[in-house]
Each structure stands twice: as structure tokens, then as C-alpha cells.
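Peer 1: Given the structure of chain P, go ahead and fit chains H and L onto it with the hints provided.
Respectively, the protein sequence lines represent chains P, H and L. If you read the first sequence in my numbering, its first letter stands for residue 875, the second for the next number, and so on. If you read the second sequence in my numbering, its first letter stands for residue 24, the second for the next number, and so on. If you read the third sequence in my numbering, its first letter stands for residue 5, the second for the next number, and so on.
These are calculated hints, taken from the structure and not from any lab test. These numbers come from a predicted model, not from an experiment. Keep in mind that a hint or two might mislead.
FRET-style restraints, in silico, Cβ to Cβ [said to hold, decoys possible]: (1) Thr1176/P with Trp192/L: 40 to 48 angstroms; (2) Lys1129/P with Glu183/H: 38 to 46 angstroms; (3) Leu69/H with Thr1176/P: 37 to 45 angstroms; (4) Gln1004/P with Glu31/H: 55 to 63 angstroms; (5) Thr904/P with Gly185/H: 29 to 37 angstroms.
Simulated coverage check for chain P against chain L, where a stretch passes if three residues somewhere in it have a Cβ under 8 angstroms from a Cβ of chain L [claimed, not checked]: (6) 921 to 933; (7) 972 to 983; (8) 1014 to 1021; (9) 1083 to 1089; (10) 1133 to 1142.
Note that the Cβ used here is the ideal one computed from N, Cα and C, for glycine as well.
Here's the letter readout for the chains.
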Amino acid sequence: MLSRRNPQLNVHGELIHLLSIEGLPKAVLTQILDTAGTFLSVNDRDVKKVPLLRGKSVFNLFFENSTRTRTTFEIAAKRLSADVINLDIAKSSTAKGESLLDTIANLSAMHADMFIVRHAESGAPYLIAQHVAPHVHVVNAGDGRHAHPTQGLLDMYTIRHFKQDFSQLTVAIVGDIVHSRVARSDIHALTTLGVPEIRAVGPKTLVPGDLSAMGVRVCHSMEEGIKGADVIIMLRLQNERMSGAMLPSAGEFYKSYGLTPQKLALAKPDAIVMHPGPINRGVEIASDVADGTHSVILPQVTFGIAVRMAVMSTIAGNQA
Amino acid sequence: MMLQLDAEALYTELREGVRGLLKPDAVLVGIWSGGAWLAERLQRDLGLPGGDKGYGVISSTLHRDDFGSRGLAAGNDPTRLPFAIDGRHVVLVDDVLYTGRTIRAVVNELFDFGRPASVTLAVLVDRGGRELPIAAAYAAAKLALPATQRLSLARAPDGEPGGAFSFTVTNKTTE
Amino acid sequence: MKILIRNGRVIDPGNANDRGRDEIADIAIASGRIVSIGAATAFDADRVIDATGLVVAPGLVDLAARLREPGQEHEGMLESELAAAAAGGVTSLVCPPDTDPVLDEPGLVEMLKFRARKLSRCRVFPLGALTRGLQGQALTEMAELTEAGCIGFAQADVPVTDSLVLLRALQYAATFGYTVWLRPLDAWLGKGIAASGAVATRLGLAGVPVVAETVAMHTLFELVRVTKARVHLCRLSSAAGVALLRAAKAEGLPVTADVSINNLHLTDVDIGYFNPDMRLLPPLRQGADRDALRAALADGTLDALVSDHNPVAEDMKNLPFGEAEPGATGLELLLSLALRWGQDSGLPLTTTLARVTHGPVRVLGDALGSLASSAGRLVEGGVADVCVFDPAVDWVVTPQQLASQGKHTPFSFASTGMAMPGRVRATLVAGTLAYELPAAPGGNT
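Bound-form chain P, shown alone (with noise of 0.2 angstroms):
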């Protein structure tokens, strides 16, 4: 089998698009986090706009609805002062059962400079990335179960910024992480930052072996997971799951798996809870907990509008 270059890299090794943490050197991610810092002090400033992507068009592409992750992408397109255009999938011409390539093709002939794409299949923004023209950039947004890399960076801008180093950390993530994105891109992120000790925490259904191929240690005790962690990342628990029989009720999760402050005590004292959101308060995380001083996920949201400026910029200043 042909080993294929990354189609994230250009040849020199420079980001082109952003797909996946996966395959990142660690040069990369780090230059993406240390640029986001900038972005924050931008973010501080009475203009709060860079010149950076002035002229560029911008295209959310968002086959699955998020308003919020959307409206972060269109917020921090604006601070490079590009021109955004959010694309209304379900009423738009795919709908009307025009092919993916050929949504691309006609928005491409838009003159497109970059594509801002979440969809419901596992790989899809890496075959629009084979077939846009050279001078284009993809950005996933969210693939199926795959990744969401703007959510594992700002995650990690996040633990970098309350933690330092990440050399000595214990992290545990906790929930439905076979159907994650979050949960694979934090993972790829933190074995490629470091992380000496990651731990995947949930039941069977939720949490199968063979996700040790990942690199992480696989708990299904949620005592055992927490136990002396420095960050806890809960993920949220979609109703699908339910109807899937995965799960019995969103009750007997919280049971088990729910952060409570009791749960919470397992945790090293200094112990930042995270999270992707949204929230649902009393299935997977005590209201206590997400409204208390353990929680960093307010900061999340602001740092992801800095580490989204920081990956839009990178890329849109590298050439195929």
C-alpha cells in the first residue's frame, strides 16, 4: 500500500487545511496554540479586528445544524476581517439532491478562498479537501464520530492555559466516546502533546476496548477514572443513544457516570472540568459542578474563537 502525505501538509510541512489533529507534528499544534495567544490579546483590544484574511471568503458549509459552533466560526472569520457566508444546507440545493462535489464545485466557481465544513459522515471534509482548487483551505468543523480538531486544540489552549505542562497530567474523559468526535481529536491531541496518562471512562456501550488502540486506558468505573485526575473532560450524552440501546435512561448514566461534587472529590483538589457543550445539567454533569469553581468552560468558548482566528490564519497563509 502507497503511503499517502498527509493531505492536511503541504510538502514543506506546513498546515493547508485543517482535518484532524491525527498526523499533526507536534510543531504544528503548538504554533497554532501559541498564535491563538496572540489572537486572545486581540481579542482584549477596542478593535478587535486583523487585516489577515481581508478579501477572503469565508463559506460555512454546515450539513449538520450547530448555531453555536457556527456563529464562533463567523465571529472569528469577521476578526481577520473576511467576507462570511453561512450556507443553509438543508434548504439548499443538496437537499434538492445536488451531490457534495458538485455543491463544492458550484460554490468553488463562487470564488470560495475557504470552506468552513461540519457534516454527518466520518471523511467527508477530506474529499472535498481532493478535489478543491489548490488555492482553497478546508477546515473541519466536525466529521460523523471522526473529529472536531478546532474543539481538541481549543481544549488544549485550555489545559495549557490552566495547567502549563502537560507532561505531568492525568486526564480522564468521560461519556459516550465511541461516538465522539470531541473525544477522539482531545486524544490525538494529548498523546501528540505529551499527556503521559489518559483515560477513557464510561460503560461498554459507550466506552468499547478496543479503543486502547488509541492510546488511552480504557475505565469503566467511574471512581477508577477520576481518581486524582488534573482535568476531567465530560462529553454530552445525545438521546440517540438511548433509542440505540446503548443506554437505559439518561438517569442511570448520571447514576453511574454523572460529575458530582462527591465524584468531583476523587480529583486532584486544583481539578478544572471541562466540557464541549452544550451542557445537559443532570445527565452528565451536576449543575453545582459546571456552575462551580472547578469549571473552566466558560473560558472554553472564549478561547475558541482565538484558537479558530489562530487556525484560519495559519492555513490561509500557506500555499498548496
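Peer 2: Frame of chain P; chains H and L shown alone:
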């Protein structure tokens, strides 16, 4: 023939030139990185208000006009302005003035922070070759260099504060 | 037309009763039959094919190739796909019943056979639908369909979910001695899009666990024990499946099985960056599964190697992995991929070729009628279905140059960087030249 430039001697000239440019309540802003070193020493030597850290540092990173070809420079942006810009007289300091593009980018960055009363430029060396209508109010030295050579300020030892200044001339390889 | 194939290395894989042959000989063909194999001294041929340095083998018999007719006649599918068969040295093929409309009416079968016969490129042996419309509810008129030309009954990729219906279908088929061809895939466990394992987990693709295959096999074997029906298992994919098959054969159950060129050579790692050419049914499993399949094909536990040819249209493939239609073109790759497997496994050429000639014919058994005695063989007096190929030459798969309208294959040179061993030089069906490799410009034969 090797170019001989005494950076320390030129600094002395610059110091007196900047002293003459300072309006009341003016602030000093050094352009990263050579200009920032100069501003740090000038702040101290001229006894400007705000103490040793009272000078500003500004970077052109976010406003460069070559972003499309060279991409974003790596690492943290060091812009740090510990004072309000609105209504201030700003004296920009840099080591070498060449095409003028860095100054253009820096002025744009400055205006993101507020509306200064005036902006003047003082440099150690003006090497000509301007590509934009930009001029220094004071230059300690004026000389011409071929486009293939790059002039940069160094600080011994290895950029440590308080070190002596010197110039290095390097031949540009293809960038 | 009288044809003499001169001086080739004649390989006939043989059968249980005779060891076949592997020797330099001439083959004289007349009236669609092999007149003699040996030194042809007084044969007045209309056409002489110089087979010096080439292998002369029985025409390949492919137990799984989709022709997409009825359904896509307007696109000339039958013409192009049978031309592809001939280009691949395939002289007989079996096609599944999931056409449009489904092959559950004798008239449709007759029409297909008639059209194929007229084209004279390759013999077509259709599988009839086991249930009407493949819906898994009502039985089809199996006797009528057999009379029209069906050599067995199948469900293609549509499992029969009602186990009572499956039992009845097997009982009915057993009454008449018909073979039932089934994919061992549980309807619910088999819903995923990639084989369960580290790769599917990492890529976030819904998995098909091995139990999807083994649960179905256990069920089928139990039903075979009870009904005594002959069952052919289509496309095994796992080591556990192979183990069950071995045990079933050792027990004496009337089961046979095949494996596709895809599962024989590729694993889930080959999915790479969600390459839709790797979206296949059954899914590509892990290295240990591939090794077990290769060993089982070598020792005969797996009876036949098939192309599982499926000319999926461009716009059904250029989609995100989970949406892409599973399947790949394969008729023109069967010989080369058989040769590659044989070389890798250190097998004699007779064994390698047996898995794509005589082995498949044995699976078809009595359904072939009078052809059964000589199809997949090279015997004097037998049918002249021949494949002449050059074993020493390599070629690369450039999809646009394939005769098939299906241009998507996991074995394209762009994907593998590897050349294919063995090039078909000529294919004869019933003594007529169905295909000949065009002479290279600047002329050498």
C-alpha cells in the same frame, strides 16, 4: 569590502536625536525586535516617565502585506502598549529603515489601539530603498546597501538586556 | 473456425480423479471443442496463435460478477462488462439476482441469457432470486427459473431476516437439489460500514463485528443440518468464519465457500484517508483475517476466488465513505490477483489456477449440465474455453483504460503503487476468439 558600522556610536547619536523629537507627554514605542531593544535603552537613558518598563513594543505581524506569500510568523505576538494611544504623541523607534513596509504595518497596528495625536519615526540607520512614501524624522546614519544584503541589529550577549549593540550584514539567500 | 494454439505451457488443474497436466503442448480447436492436446502435426488451422512463453489455461470461471442488466441496458452495461470479462480471461461468470427488476421471473432470465449468448464474449450463469423481489417473504418459482437457466438461488446482499422463511426456502431448494448461495451476514449486526477494530474506531466509522459473520454462519449451518440443503457461502471475511467453515466441512456438511480478491489482498488499514474505493462488502478486516483467508484458499477450505465485480458508477463512489456505494470493479483483475496470491503463498501454478477454474466449476456442480465435465478444464473433446496469458509480464491498473464501465478499484496503480503480474493475451469462448490483446504499436505479438 566589509561594512564598518559602530552601532554603539550611532546609538549615542540616536539618543540625542530622539531627545529632540520628544513632545510633552510623548511615549516611546519600539518596533519588534531591534527597535524594542533600542526603546528599552532609550527609556532608561532619557529617564522617560513610566519607569524602565514604561516604553511600548509593537509588532508588524498582524498587518504585514506579505501574509499571502509568507504566511503568519510563528509564535507569540509581542505587542505591548502600557499606555493609552488616544491623543498621544508617539515616537516610533526602529533599527533599520528600508522599504517602509514594516512601518506601514506598525502604524496600522497602532491605530487599532486608538488615535494618536502624532506619530514620528526615529531610526538608527536609513538604508534607502523606500517602496512607500515613508520618512524618518531622525536617522543616525544614512547609507546605501545592495538589495541582496540584509542589515540587522544584534545585542551581546545573545540579545540579553543591557548588552552592547552591534550590526551584522548578511547575504540574503532565496526566501 | 479451426484454431491452433501452438507451443504454450498447457496447464489443466485437474480434479480428484486425475492430476491434470502442466506441459508444453499444442491445442487444436474446432467446432467449439478441443480436438487434441499434444503435438498437432496434421491440423489445418485457419488461425494459429503462437503461445511460446505463454501459459494456456482453462478460461477462468468467476462466481461473482455484477452485470447490471436488467437495469442499465441503456448504458450498454452487458456489452462493456462482458468485454471486461473477456479481457480478464474469464469465460464463464455467475451473476447475482439483484438486478432491476430482480431476477425472479423466468422471462428476465431467458432474456439475459439470450443477450449474453449473442455477444459471444463470456458464458453467463445467472443466480435466481431465492425470494420474490428479494424481499425475504415469498418463494420464487425455483423450478421454472432453473429451466430458464438459473444455476442456483441467492439473495445478493439482502439477508433473509425471517428465519422461518429461510428454513422453508432451504427445504424447498433441497427438494430439487438446488444450491442456495448466501452471504453470511447478520442483518442487524452487519449494519456498519467498516470492520470493527482499531481502524474503524480511530476513523469514527460504524463497525461490523466478526460476530455478524459467525452468528449468520452458525444459523446457516444449523439450518443445513436440518434441511440437508446445499449452501454456498458468498465472500467470507474473517479468520473465525474460516474456522467455522473448516469444522462444517470436516463434519461433512454440503457447504462450499468463496472469497473475493479484495479480502484476499487488503485490510482495513488500506482505507487510509477514507478512500471510498475501499468501501466494500464484506468490509476489509485485519491482517490476521487476511492471513487466514489466504491459508484457507491455499488448502482448499475456500473453494474459489471470485472478483466480486461491481461496476459502481462514478457519482455513487465519489461520496463520503459512509455514503459511497460498496463494491469495486474486478473482472479484469481476477487472474493477476490470483497469480499474485499464488506467488506470495509459494503455490504451484496448477493450484493457483484451480481456484479460479476447476474449483468454481465444482461449486456449480450439476447445475452446469453437460458443461460440467469440461468447463474449468482443458480436456480433449471438451469445451474450448481457453485463457492464454503471459505470466512474465507486469501491468499497471489505470482505471480509465479498463474495459469495464466500473472505474473504481482499490488496486489502481495510484492507490497501491504496485504492478499486477500476468497479462491476458487471448481468450476463447466455445472456440471463438472473445478477446485478443491489441498488438503494441511498432509490432511485436
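Peer 1: Each hint: holds or not?
Peer 2: So, going through the hints one by one against the coordinates:
Between Thr1176/P and Trp192/L the beta carbons are some 45 angstroms apart, a value that agrees with the proposed interval 40 to 48 angstroms. For Lys1129/P and Glu183/H, the hinted distance range of 38 to 46 angstroms is not satisfied, since their beta carbons lie about 60 angstroms from each other. Our hint of 37 to 45 angstroms for Leu69/H and Thr1176/P holds, since their Cβ atoms are close to 39 angstroms apart. In this structure the hint that Gln1004/P and Glu31/H lie 55 to 63 angstroms apart at CB holds, the actual value being about 57 angstroms.
Distance hint check for Thr904/P and Gly185/H: the Cβ-Cβ separation is about 30 angstroms, which falls inside the suggested range of 29 to 37 angstroms. For the segment 921 to 933 of chain P, the stated coverage by chain L is violated: 0 residues have a C-beta nearer than 8 angstroms to a C-beta of that chain, whereas at least 3 were required. Requiring three or more residues with a Cβ within less than 8 angstroms of a Cβ of chain L, the coverage given for the segment 972 to 983 of chain P holds, as 3 such residues are present. For the segment 1014 to 1021 of chain P, the assignment as covered by chain L holds, since 5 residues bring a beta-carbon within under 8 angstroms of that chain's beta-carbons and 3 suffice.
Counting residues of the segment 1083 to 1089 of chain P whose C-beta sits closer than 8 angstroms to any C-beta of chain L gives 4, which meets the bar of three, so the coverage hint holds. Coverage of the segment 1133 to 1142 of chain P by chain L is violated in this model, with 0 residues showing a Cβ closer than 8 angstroms to a Cβ of that chain against a need of three.
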